[in-house]
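Just so you know, the sequences run in chain order A and B. The opening position of the first sequence corresponds to residue 1 in our numbering, with each subsequent residue numbered one higher. The opening position of the second sequence corresponds to residue 301 in our numbering, with each subsequent residue numbered one higher.
Quick caveat, the hints were computed from the structure, so don't treat them as lab data. Ideal placement from N, C-alpha and C gives every residue a C-beta, glycine not left out. Any given hint might turn out to be false.
Here are the simulated distance ranges between beta carbons [claimed, not checked]:
(1) A:G190 x B:G346: 25 to 31 Å
(2) A:T13 x B:L571: 48 to 54 Å
(3) A:S203 x B:D538: 29 to 35 Å
(4) A:S203 x B:T516: 43 to 49 Å
(5) B:D396 x A:K283: 33 to 39 Å
(6) B:L497 x A:G291: 44 to 50 Å
(7) A:D265 x B:T395: 38 to 44 Å
(8) B:A532 x A:E264: 31 to 37 Å
(9) A:D96 x B:E518: 50 to 56 Å
(10) A:L271 x B:A498: 37 to 43 Å
(11) B:L497 x A:D238: 27 to 33 Å
If you only want the chain A side, here are some residues facing chain B, beta carbon under 8 Å, derived [said to hold, decoys possible]:
(12) R201
(13) N202
(14) E205
(15) G273
(16) R274
Here are the simulated SDA-like cross-link-like pairs (lysine to any residue), alpha carbons at most 25 Å apart as the crow flies [said to hold, decoys possible]:
(17) A:K62 x A:T216
(18) A:K62 x A:M224
(19) B:K583 x A:L25
(20) A:K245 x A:R206
(21) B:K533 x A:T285
(22) B:K592 x A:R240
(23) B:K592 x A:D265
(24) A:K292 x B:A566
(25) A:K292 x B:L544
(26) A:K245 x A:E228
(27) B:K363 x B:S513
(28) A:K292 x B:T580
(29) A:K292 x B:R448
(30) A:K292 x B:S599
(31) A:K233 x B:E577
(32) A:K283 x B:T335
(33) B:K592 x A:T285
(34) A:K245 x B:A566
(35) B:K504 x A:S269
(36) B:K363 x B:F393
(37) B:K533 x A:R274
(38) A:K63 x A:K292
(39) A:K292 x B:L571
(40) A:K283 x B:K533
2 protein chains.
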Amino acid sequence: MKGDRRALARAITLVENRENGARELLARLGERAGTSFVLGITGPPGTGKSTLVDKLVASYRKKGLRVGVIAIDPSSPITGGALLGDRIRMADFATDDMVFIRSMASRGWSGGLSAAVTDAIRMVEAWGADLVFVETVGIGQADVEIARIAHGVAVVLMPSSGDDVQVSKAGLMEVGDIYVVNKSDLDGAGQIALHLLAMVRNSKERRQVVRVSAVTGEGMDQLMKAVEALRAKFNGRDGREMRLKSISGMMVELAKHRVLASFEDAVDSELIGRLAEQVTDRKITLAQAVGKLSARALSG
Amino acid sequence: MKGDRRALARAITLVENRENGARELLARLGERAGTSFVLGITGPPGTGKSTLVDKLVASYRKKGLRVGVIAIDPSSPITGGALLGDRIRMADFATDDMVFIRSMASRGWSGGLSAAVTDAIRMVEAWGADLVFVETVGIGQADVEIARIAHGVAVVLMPSSGDDVQVSKAGLMEVGDIYVVNKSDLDGAGQIALHLLAMVRNSKERRQVVRVSAVTGEGMDQLMKAVEALRAKFNGRDGREMRLKSISGMMVELAKHRVLASFEDAVDSELIGRLAEQVTDRKITLAQAVGKLSARALSG
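Chain A extracted, bound-state conformation (with noise of 0.2 Å):
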């Protein structure tokens, strides 16, 4: 599959879609697990991070860099998919072969996300990518999974009220190496800029805060180093405690998905129907219904 993107987008299809062959395929895969430096780019909806992430693309391409995108799209029956930007943004890249870009529906993949796009990482990996880029919007769980899996994590913000108060809240700091403050020239970045600037400072690990307009481009250099100082770790001596920390991820999150589809393998739709049948008939309380469903699993 090396090189070949064609190949890449049906292996990561066959994944999606949980069909035949693609544990087989994975499989193969595990030699090169830890050779792509992963970016994790998370932040509120609407901050720009697609258009961000554009941007770092090209510049890579430039360097001549073979770049993957994985945007995890927050989908669901109520806010829809967003498959048309992915089209879109494929057709900026579509001549070149060293790019590859992929949207993956988060629905559906209850519980089963992180491990959907751990496999995408590494067939991203396996087709050569110097750097793969994970966008998710930073709502729900995938923002904070794809930290655990991620080598680093930019956060992005804009200036809006919202933003503002957000970036207070706990457990921010644990996840961004980079805080992008994005639309730099919009009233208010300046001070969003100095909030995170206060916060990072008081952090033990060295974390950035860069000001940028990934439409006007200005900022974008300081971003690029931003992420290059990340890379250069990730390639030097810190390199392997980074590895180590997203394979643990990687691991966790794939056994705890083979540990949950072992148990959709062991429960049958008529055993729950008959379980439910005597939980509403209060024969058996729904706690005995749970552990002797869980009991089959564990016993499979």
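Following the hints, put chain B in place on chain A, whose structure we already have.
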């Protein structure tokens, strides 16, 4: 615990923090499973779900019914929590012992959110609620999962360019029993309502479209009628089917959570660390490490 609002609050905290005694407490609560009518309320952020729920609670209090509200808060390191809102809402009904409102953070509940919400619903049932409203933001998984657990779902939308498109997306028709167009005084409310009516006309099951303004109270009577129709169904001939579906959903979510918990018990960080070293040093593949990790959990 029946009737004691403070005991209920303590019990839910116990479950939320996965403290000792939670499982024993829950085991004793099985008897009342399926006695409260559970309505899921979902929709994109900013559509006014909370205000709508508050109005529904007030209406049901006038009828003398005991009401529980569980608000699932899509908090994350990025978006932060909304506990302030919870406290403000509680104040409205602070002196009313027949209302229980609780928000639960979705953060940290990866793969186990539905289990926590299910446990909370069971506790609110044991407290003696006639109705339980479960409010989720229509992003990510919670909105899909609530449809499996609740007896009915109301999807709340508002006139806006985004929602209009979102409504068209596949999947939306599967979750809603009632479609609410809130902020019906805004431009475009008629258009979105027509759009929804065209959609529900093609569905086999009876689904309602209601235009309301939660703030002015316009249309609230019609919404109450739609909710009452669902509740009558729950208390009538079709109730058994609704209960069976909900109990099946709860059972599966709780069993999944149990299986994941036993995975977490079985694998320790020492084992994960050791396997991660072996993968990093290319002694075993990631797939092999995942196999070892999940085997440990499933044989435990």
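Hint-by-hint comparison with the structure:
no., hint, in the structure
1, A:G190 x B:G346: 25 to 31 Å, "27 Å, holds"
2, A:T13 x B:L571: 48 to 54 Å, "33 Å, violated"
3, A:S203 x B:D538: 29 to 35 Å, "56 Å, violated"
4, A:S203 x B:T516: 43 to 49 Å, "47 Å, holds"
5, B:D396 x A:K283: 33 to 39 Å, "36 Å, holds"
6, B:L497 x A:G291: 44 to 50 Å, "45 Å, holds"
7, A:D265 x B:T395: 38 to 44 Å, "52 Å, violated"
8, B:A532 x A:E264: 31 to 37 Å, "35 Å, holds"
9, A:D96 x B:E518: 50 to 56 Å, "54 Å, holds"
10, A:L271 x B:A498: 37 to 43 Å, "40 Å, holds"
11, B:L497 x A:D238: 27 to 33 Å, "59 Å, violated"
12, R201, "19 Å, violated"
13, N202, "16 Å, violated"
14, E205, "15 Å, violated"
15, G273, "7 Å, holds"
16, R274, "10 Å, violated"
17, A:K62 x A:T216, "18 Å, holds"
18, A:K62 x A:M224, "12 Å, holds"
19, B:K583 x A:L25, "19 Å, holds"
20, A:K245 x A:R206, "17 Å, holds"
21, B:K533 x A:T285, "24 Å, holds"
22, B:K592 x A:R240, "22 Å, holds"
23, B:K592 x A:D265, "19 Å, holds"
24, A:K292 x B:A566, "19 Å, holds"
25, A:K292 x B:L544, "17 Å, holds"
26, A:K245 x A:E228, "19 Å, holds"
27, B:K363 x B:S513, "21 Å, holds"
28, A:K292 x B:T580, "39 Å, violated"
29, A:K292 x B:R448, "20 Å, holds"
30, A:K292 x B:S599, "16 Å, holds"
31, A:K233 x B:E577, "19 Å, holds"
32, A:K283 x B:T335, "15 Å, holds"
33, B:K592 x A:T285, "35 Å, violated"
34, A:K245 x B:A566, "20 Å, holds"
35, B:K504 x A:S269, "23 Å, holds"
36, B:K363 x B:F393, "15 Å, holds"
37, B:K533 x A:R274, "23 Å, holds"
38, A:K63 x A:K292, "57 Å, violated"
39, A:K292 x B:L571, "29 Å, violated"
40, A:K283 x B:K533, "24 Å, holds"
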